[in-house]
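Mind docking chain Y on chain H? Use the hints.
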Amino acid sequence: MVKAVKHYRPPGKKKEGNAAKFVTRSQALKQLQINLPLFRKLCILKGVTPREPKKKFKGTHQTYYHVKDVAFLHHEPLLEIHREIRVHERKIKKAEAKKNLERAKRLREKTPKPKIDRIIRQRYPRFVDALGELDDCLSMVHLFAALPAAESKKIDIECVHKCRRLAHEWQAFISRTHKLRKAFVSVKGIYYQAEVEGQKITWLTPHSLQQVVSDDVDVITMLNFLQLYEPLLGFVNFRLYHSINLKYPPILDPRLEALAADLYALSRYANANVNAIPSVVNSEASQVAESEQGDAKPKRDDIEHEKSELRLAQLQHQLPTNEPGALMQLVEEAASEEEEDQDTRECKNLFKDLKFFLSREVPRESLLFVIPAFGGIVSWEGEGAPFQESDQSITHQIVDRDAQGHKFLSREYVQPQWVFDSVNARIILPTVDYMVGR
Amino acid sequence: MSPTKQNEEDPHVSDSDTDSTYEDSSAADDDDGDSFGSPSESESEPAAGDDSEPDEHGESDSSGLHQEESDSSEDEVAPRNTVGDVPLHWYDDEPHIGYDIKGKKIKKKDKLDKLGSFLANVDDSKNWRKVYDEYNDEEVELTKDEVKLVRRLLKNRAPHADFNPYPDYVDWFKWDGAKHPLSNAPEPKRRFIPSKWEAKKVVQYVRAIRKGLITFDKPKEEDGPYLLWEDDSGLTEKSNHLAYIPAPKQKLPGNEESYNPPLEYIPTQEEINSYQLMYEEDRPKFIPKRFTSMRSIPAYENAMKDCFERCLDLYLCPRVRKKRLNIDPESLKPKLPSRKELKPYPTSCYIEYKGHEDAVTSISVEPSGQWIASGSSDGTVRIWEVETGRCLRRWDVGEAVNCVAWNPQPDVHILAVSLGQDVLILNTHLGDDEEQKKIKELLSVDTSTPSDDSGNSATSVRWLQDDKHGGIKLKFFKTVTAVEWHRKGDYFSTVMPAGESRAVLIHHLSKKLTQKLPFKLHGLAVRSTFHPSRSIFFICTKQSVRVYDLLKRKFIKKLDTGLREASSIAVHPGGDNLIVGSKEGKLCWFDMDLSSKPYKTLKCHPKDINNVVYHRSYPLFASCSDDCNAYVFHGMVYSDLNQNPLIVPLEILRGHTSSDGRGILDCKFHPRQPWLFTAGADKLIKLYCH
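Going line by line, the protein sequences match chains H and Y.
1 is the number of the first residue of the first sequence in the numbering used here; add one for each residue after it.
1 is the number of the first residue of the second sequence in the numbering used here; add one for each residue after it.
Bound-form chain Y, shown alone:
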């Protein structure tokens, strides 16, 4: 806006009243204008009010009320500026701030620069009381009373301390002592009779209530608990809803949640720091803490959060009933008879036969059960009395004994011993004279016909008279590991694993003949054995068992053991079942009527099985192994073909100690009693009795 126009407008507003109007209005902003005090104070007010709302000049209508009052103030202080209620920025560019009462221009004063005002502020301790009045372009210093007044105003109180906003009501009317009532009219009749209109209204209401047009609020009923489940018995009806799946219960707290858990539960600071590196999902929810006493446990900060998470789980997680096969694993097991019912079986060590100076490799029990022969790697063969443990006889054969076998005929007291590349048939000198005579006859070799009759095997075996021990010596071309008698005691078989096609040979004792088997051998022969009642011969190779009929000279069947390296074989006295022990500690039971695969494979030993045996009369079988344990099993074979054999583990016989990594090298049952002999690498033979 141009200054010329300003000048034109100025006279309009240069009224003598305008000044006070302006001043009052700003004061009225702070408080109600009605209760405002004397004019002298009101004049100084704008200075205080300036900083708060400087632009609201004279717009409030209350300012008009004070125009009369402020008239008197004109005499006391003549305001110099008469510019009136115009925006002051109109004069920003002018050298003057307005006009005095005579119409002369009022010059602007020089303003202190910032530094100057700051210095003034610092010098003068009362500077804070000074307020710049923009209208008059001057600094006004407030008095103490004025400051107080401003403070009261700021607190929204009446500006004057002695002003009472709630004065007692003064009743100016005099009630008593008046001669006449205010109204002398008599009381009207309508005050004494019931109102017709009200009666009408009542009738209306009554009718409305009767018709049910008006209803009343029912009294509030208390819905406290009551007996909700009175009778549970009749609740068998099935609802057609989906099956309700109850929520899984929360995990019960463990030791780590205790307030004083063992130290190993408390994570170290490093572990806690490493939690921070984890993903948030992987981070453990709860970090165990330790408090020495119960009173020092603080409130758990995550209590609310845990509860909330449980709530979320309860209503947001789909519930699925997991179809877990709910079969008691115990019920899946076949019902085994208790061990008590299966007695007798060997349980405890009864006698130890000491005397050998090296590992006892093989033992054999005399058919009557009175004697036991043993061969050891110290180069001796001994005969012990079973019941006393007395060593009856010993032969120094000079070489480590691989196998000893007693002739199964009770009246032929001879012993087959394999040592190195020889097999000795020894006369034990037991029995009466007649028997001895027979034996001597049997053990005499006609030296004139040693080799011609034996055909193609003549080169491999030579029958010689052994004078030193009084028996026969068979010379082989390879190491003989096993000797096995036929049940009639006239034949015996030998196994030479390295003998290739002549690995298994059958020898006829009375004729001093040796025969090669007319079959091809597949694999490395380990053991051989005769059928206990028929003319069937079993050869155990490393991976399979081959069954031959000797009379018909026929191969009958092959049994797949599924083992890596079989080590021993035993045939059940019934003849239809056999067990094979292996070097990986497995025991296979074959039912030959059933299949060529094992009926049961028992993994019982952690180390090589050295021998397996059946008992001749009791339903027992045993295995011995390099882990120094011998296992005794109950192996019942039923005459009913439909019933599978029953195998029950009975006892683990311990007692032998390991030597050079070898444990029990041989085991044999007593022919009549349920006793087990074990021969150990610890130079001992033990007898376990029931």
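Isolated chain H (complex conformation):
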């Protein structure tokens, strides 16, 4: 039955104005022939948001989408894949009902998987765009890395492990290239700010305690986001590791991995690989490697030399022929790069000659990330640690408890906050105010 038309529009005349440009959500669902959860998922993956038309022709309580956005979703191959998935699920259900487990298993294996890489490329055409919007992605991945895997909440263990791996890889990169700029310990967690390729990236990591999945949270929505963020961070990590000439995904020492010292394992991996292959940017061995191998100094000079040569080569490569003024611009760019390096160098040398030891009670993960990021050497209490507490060359021991077993006179005992304050101030603060119990 044809609905009565409110305003008469002569035949052949098209809709005009807001009514032609926008559709409500239910109209969009009807056009796309999908259900609401799938629509939401597609919107999340494609980054389609509702719009605010000037005139809300169907009422103010409606959600409006732009016609072009809906068309954008309509042409999305993911839509077709999700339809196939639905068909597949039906087949699996049928096979299981008929006790044909073999077929069900085979079908389950053959379920088409939506591929996100194209969407990521579409949403973030340049790498810088992806970095600019990495904040939410990082916060979420770090949060999921701290979540308990719960069957009832649909968070499977594989997802948690993957998030943890990605988060550690990211941290290892930031720490190794000394790109961390600021850190702030709050009640919500620890905020970090890094600067990668001129983009300031801020993210929040929850405290390393068991998080609770509350019931008033729709985990499915979050998982939809995670479906985008996980590969995004994977690709970003790949690109970053590629830029410092490391293989991705990194292969970790299983012994350290088992000890939950992923970050340290990653940095070890990075250093080992750097020594094998001379790298492009920022490829000097970090402090840990230095302490282990001792003769990293000449190597670094080598690398520095190579680095400058490579940059020259890059400049020549970039130089467009027959274009006056281009050279000038390039020189300026190089100068600005120098400035960035200045910042990085400052960060790198902050804790340069300091050796830290973490006591049992301090949050290990964050300090293992922050201290090497500013050029310090760090060890902890436990297996697989690079050096023991009795090492006489330790300059600072980070403690958070009043009672200390054996106090070494050769080192300073400070609270973890000292590290964060020093980092933010970019100077090594006097330790008097940070003694335990203040």
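Below are the DSSO-like pairs computed for lysine-lysine, each with C-alpha atoms no more than 27 Å apart in a straight line: (1) Y:LYS218 - H:LYS94; (2) H:LYS188 - Y:LYS249; (3) H:LYS46 - Y:LYS322; (4) H:LYS162 - Y:LYS249; (5) H:LYS21 - Y:LYS322; (6) H:LYS200 - Y:LYS285; (7) Y:LYS323 - H:LYS46; (8) Y:LYS289 - H:LYS182; (9) H:LYS188 - Y:LYS251; (10) Y:LYS251 - H:LYS46; (11) Y:LYS322 - H:LYS200; (12) H:LYS68 - Y:LYS323.
Bear in mind the hints are in silico, worked out from the structure with no lab data behind them.
The following block gives chain Y in isolation, referenced to the frame of chain H:
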């Protein structure tokens, strides 16, 4: 159902087997009937099984298997009731429970009432073992073994402890040592040649594969990350999608989110309680907390919720690019020249002239710049040497001085002083003898013709010889607030604000004449001033400035100041610009060629402006106010008419102190140097030099 019918049916079921059948069936409910043990136990079983499922009598088919077994049990215990497998509630209303084997009715026993059964329960510690057998209407006490058996049954295990449900398989067939094989047939040939059928099938498959009828599952490919952004340079093509609006970043955390914030961030318990009264939307999302050490920070309970809310924002909120006018406010400002380029201007106090015993109300600089005259409310007029600060001369005029004004002619060293209702023209005795002679001539009043020539203003002003100070005394009928010389030094004007139509008078010194202005005055006159080069006269009233041409005797224009109460006026040496200071602290710059409205209004002083002045040669002007500050501005007037005057604030001169709420009462520029004299209510005159 009627009892008669029951009786008819009873014989049918009164079979000797029925009893055991019934008993077994209930046992079989608990476990598989096959593995059931000896009949003696099975008989006592119903008592245990009764409470669980008493109504499922004999419906399971497994009970039939046991009928043979239970035959033997008949000899041992003769069940008295032979009613069989009938619903027992048929006998509810009867006095008997059934019939024994001989057909006699079995009477129901008296039941213990609740109290009795309770007491029995309390008295007898073994009462829990007793089970009521409804069928036989008796209480059966279970033995220990039977209880064990029931327990095992409840646990879904075999009732007997020594029963092994998984016995080792015993192969009863003897495999070795047999003389003959089981089958003596020779091995058939088909076991040794390839199967034709299989070959056919293979060919079929091969053909199907070749035709593409059969496809294989592709090996699973690992879709790990790869280098997605290889080359960013070629990405300038514009997509025809709508513009993508990136989500706004989350707010960075502030001090209140720290784990150990300063105490003022921590809400008190009352505040926290008051949050509960708020609407949920208004309630603060985050309540700061304090933890003494980092290790005591607990997991944040709302972490998941915060993240979820951010997700909701990301995909449910419409994103609109706010059209904010993105203009750097700095770029809107006109480019002012830096103050360094505008030097010289007075910056610092150089000399203080001390001596007056009360507020210095007015100062005036001699045209050559060597002397400065000052009038004070202590009733003295003094002359100071500018460069040394020496007081050259003083007159005790006996009344508070309102205004002093030095004659602008450099060779006529006379001073006009207004005090109360008088104006004194004083001879300063400076200059050489010739000049003194001239001055004395000028200052002698012919007493015979004092008032007749001056026409209608004769009643208001009288020219008298003042012998005491050696000058002329003009007597007015009202208080004179301001005296201003014409540039040629022959005329001067006086302002009597209360003088109504004769508020502003112009006096001719050489002729000793007084003239009234031939114009009507609108409003209360405050100041008057002469044009520096033409015969134009300005009268500043409280709200406006009126401009007259004296030669043509014409009103030229009126300038609207827009001020509530103007207090002072100064005309630029070029003559086209003037500034008006007001009692609300505003300074108006008028460009008379431009408009009758102020070109610029500067609100610079918080208190009354007392005086404004232009420098005669430098592009400077200054204002002084009761807030004890004097402002020095750069006020450049260009000869090009298209170019607007340039006004740059240069310096705030501080140093005077307030007294009775009054600050700096007067300021004057040095005629040649970029120096500023200020006269303060704190009895001081200060000289600011560059």
